[in-house]
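Enquirer: For the protein sequence lines, the chains are A and B, in the order given. According to this note's numbering, numbering within the first sequence proceeds without interruption in unit steps and concludes at 511. According to this note's numbering, numbering within the second sequence proceeds without interruption in unit steps and concludes at 511.
Please note: incorrect hints may appear among the correct ones.
[Claimed, not checked] What follows is a list of derived Cβ distance ranges for each label pair:
#, chain 1, residue 1, chain 2, residue 2, range
1, A, Asp220, B, Asp346, 46 to 52 Å
2, A, Leu399, B, Asp112, 34 to 40 Å
3, A, Pro315, B, Ala430, 26 to 32 Å
[Claimed, not checked] Chain B is nowhere near these chain A residues, computed Cβ spacing over 10 Å in every case:
#, residue
4, Ala100
5, Arg101
6, Asp112
7, Ile129
8, Ala168
9, Glu183
10, Pro248
11, Pro315
12, Val321
13, Asn327
14, Val352
15, Gly353
16, Glu394
No wet-lab data here; the hints were simulated from the structure. We put the CB at the ideal spot given by N, CA and C, even for glycine.
2 protein chains.
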Amino acid sequence: MHDDLARDSKTLPADPPDAPALADTARRLLRKPAIRRAVAFIRTDDERTLAEQVRLASTPAPPFAETARAEVMAELLEASGAGPARVDEVGNVRAWIGEPADRPLVISAHLDTVFPPEQEIRIRRDGDRWVGPGISDDARGLAVLLAVIRALPPLPRLPLLAVATVGEEGVGDLRGVRHLFGPEGDLREARGFISLDGAGTARVIAGGVGSRRFRVGIRGPGGHSWVDWGRVNPIHILTEALAEAQHITLPDGATFNVGRIGGGTSVNAIPTAAWCELEFRSENEEELTLLETRLRSLLERVVGLRNTGRLAGPEEKASLAIERIGHRPAGYTDPAELLVRSAVAATRAVVGRATLAASSTDANYPMKVGIPAITLGAGGEAGLAHTPDEWYRNVQGPDGTLRALLTLLMMEPAEAG
Amino acid sequence: MHDDLARDSKTLPADPPDAPALADTARRLLRKPAIRRAVAFIRTDDERTLAEQVRLASTPAPPFAETARAEVMAELLEASGAGPARVDEVGNVRAWIGEPADRPLVISAHLDTVFPPEQEIRIRRDGDRWVGPGISDDARGLAVLLAVIRALPPLPRLPLLAVATVGEEGVGDLRGVRHLFGPEGDLREARGFISLDGAGTARVIAGGVGSRRFRVGIRGPGGHSWVDWGRVNPIHILTEALAEAQHITLPDGATFNVGRIGGGTSVNAIPTAAWCELEFRSENEEELTLLETRLRSLLERVVGLRNTGRLAGPEEKASLAIERIGHRPAGYTDPAELLVRSAVAATRAVVGRATLAASSTDANYPMKVGIPAITLGAGGEAGLAHTPDEWYRNVQGPDGTLRALLTLLMMEPAEAG
């Protein structure tokens, strides 16, 4: 996730109603000597936070290969005052802040990037920007997770667990949070989940945009472009199907994207195979189910029509394979939940405004299983996420740390209204 | 070329009318003592021909890297009785058979294969088959070119030039024959051109199937699949255009093939680029020009429509690039030409039947510039051309050599009717 990767939700109001009691609590907290010291500390800690952000971003973390970055994160968690860091069965790095306890509030950021192992990972300074793959998404979240731990006043009473997750990005299919909160997860009773993801200070992501992702493959016998003219051509079939799929009526707020396509070996050969990877997104799970059904029937119809009349046997026909390569559940956290109201009040207290928004992040999964979950940008500004030219500018960077800290403190039983 | 890669022509009659005078000539030639000795020699020379075919196929000759095979061919041409072999400016190997003279008949086979340098080149025996990349296309043609030279009776009166050409296959774009017969070529006055290409004995290729090949690229700003939803998606545009291009009405005998497609980096990103490689083929050059025009206007229209209403500036728009990556001229040699009639009569005399056909070979270019040109299979049977499992079976192998020889002899001024 990245601040730019959130949009207004179609389920949640962009401007949540003000909660005077919580606004009071936030203001009162910010006047407390311990919190004023924390605010001052966050400003002096800014340089270290930025240095750790660059170090983390400089450590490659391709999908399914987050180990190197996990080791750095484990070291930094312990150095920041968390308890012993352990890597769990799927690769998440976990560390308690204070004593282990039941029903923790989980504060999190994700280790993985979208970049493949071949991508050169080099972070460079360009004026007031840091530029390079993953510098914001989610090295910023990881660094601010560490900064929050360092800034926490002694002895928070609420059990807090820090987790650096694997598998947040596309192909990772949320496998880190699935492991925490899924059917076999040991954190199914968590009090709440906060993901620090990318840059930004004013949005509170309480809507979870779901997605269904598919790899579509079409195969045929192949042949010579001229002598075998008339044989099924998988590229021809796939392009026809995708041209039609673009005209599937999308419900308001839903999207369709073909992100990758490939096939064929030579301009003068009928290819034996063509494939694509595509996705639908929506905040509504039922809409996604309907879109999947429409896509499948469209593909089967287009392939079937091309096979019509080919009596020469199955080896002359085109075959279709549809593989679901991702399923990110849609959902949202009720804006009336304490976690959302606390985050909104903390955001308003720190930066003067707050909007609710929807995005697709680690929070989707806990939302689905009924755990209050939000995602917060971790301060600063960023752009060009998911490209090698991704950039981060440390404007209002400390505010990202402060509002995360304040959100945590407002969840304390003594503070919560 | 490969015997399997020829088809009936739409321009030429598959069954050319019999020419009694030429049939007489052929039969008379076959009874001559000198020719009977040549026939006997060809049979005894069969093993050497096959061994040279395997040696040539075993010498890699990727597109634009035919030098190694050219050196072997130069050595074998001289060893077979041709004059000094020289490599010309583009890499063709040339050797006179007898004395150099004006207006020669050119007999040829091609050096290059479709296989890239990474392809392992290993020729193996499997029962009665030889198997491996390029074993037939065109190691067979090269070997039979050598066998014909060895079998020629002494002192042919017609000036004969043997040429092993570069660049016959797809990407080579006929650069070997372009150099011989093009605007600056020194063989523009040649009497005729015979290409020995691949296996087969019964077809005389007098039709040249032309092709136009294009690489189509579409670019856009890219972005995030959900947040940037609505931006131009090059894969969406390309697939729509290709779906439509499939419905361009093709004249009888013309073909359209999208052989390769690619684009995008991640399922959850709007790609910045999509591309494909496609071709049209036809025996008619004007048809190809018309098809190219239609394709270009279709692509411009589809891209233009997607850009309509995007006022945000050119960086928000999709751009289109169409690169012509191949242009093989269409043409044919009039069946009334002595060269065609001689080849048909020789084929009938040797194997009892003959059909005219069309294919896409080195002969296309001389056809285009008005030089009588044909392509003949070089005997034997073959299959799976352009694949690593290409095979050759030496059934009626010597007949390929004999009919090429007989065709040459029938062109002798004293014989031609």
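Enquirer: Run every hint past the structure and note whether it holds.
Expert: Here is how each hint holds up against the structure:
Between A/Asp220 and B/Asp346 the C-beta distance comes to about 60 Å, which lies outside the given range of 46 to 52 Å. A/Leu399 and B/Asp112 have their C-beta atoms about 46 Å apart, which leaves the hinted 34 to 40 Å range violated. The given range of 26 to 32 Å is broken by A/Pro315 and B/Ala430, whose C-beta atoms sit roughly 39 Å from each other. Non-interface call for A/Ala100 relative to chain B: violated, since the shortest CB-CB distance, roughly 7 Å, does not exceed 10 Å.
The Cβ of A/Arg101 does not lie farther than 10 Å from every Cβ of chain B; its closest approach is about 6 Å, which violates its non-interface assignment. Distance to chain B confirms A/Asp112 as a non-interface residue, since its nearest Cβ pair spans about 27 Å, more than 10 Å. Listed as outside the interface, A/Ile129 is consistent with that label: its C-beta sits roughly 34 Å from the nearest C-beta of chain B, beyond the 10 Å cut-off. Listed as a non-interface residue, A/Ala168 keeps its Cβ farther than 10 Å from every Cβ of chain B; the least gap is roughly 28 Å.
In this structure A/Glu183 is separated from chain B by more than 10 Å, as the shortest Cβ-Cβ distance comes to about 26 Å. Against the 10 Å criterion, A/Pro248 stays outside the reach of chain B, whose nearest CB is about 40 Å from its own CB. At roughly 13 Å, the least C-beta separation between A/Pro315 and chain B is larger than 10 Å, which holds for a residue marked as non-interface. Once the 10 Å rule is applied to beta carbons, A/Val321 is inconsistent with being away from chain B; the minimum gap is 5 Å.
At roughly 7 Å from the closest C-beta of chain B, the C-beta of A/Asn327 falls inside 10 Å, breaking its exclusion from the interface. At roughly 5 Å from the closest C-beta of chain B, the C-beta of A/Val352 falls inside 10 Å, breaking its exclusion from the interface. Not every CB of chain B lies more than 10 Å from the CB of A/Gly353, the least distance being 4 Å, so the non-interface label is violated. Every CB of chain B is more than 10 Å from the CB of A/Glu394 (nearest about 17 Å), matching its label as outside the interface.
When the structure is compared with the earlier hints, violations turn up for hints 1, 2, 3, 4, 5, 12, 13, 14 and 15 and for no others.
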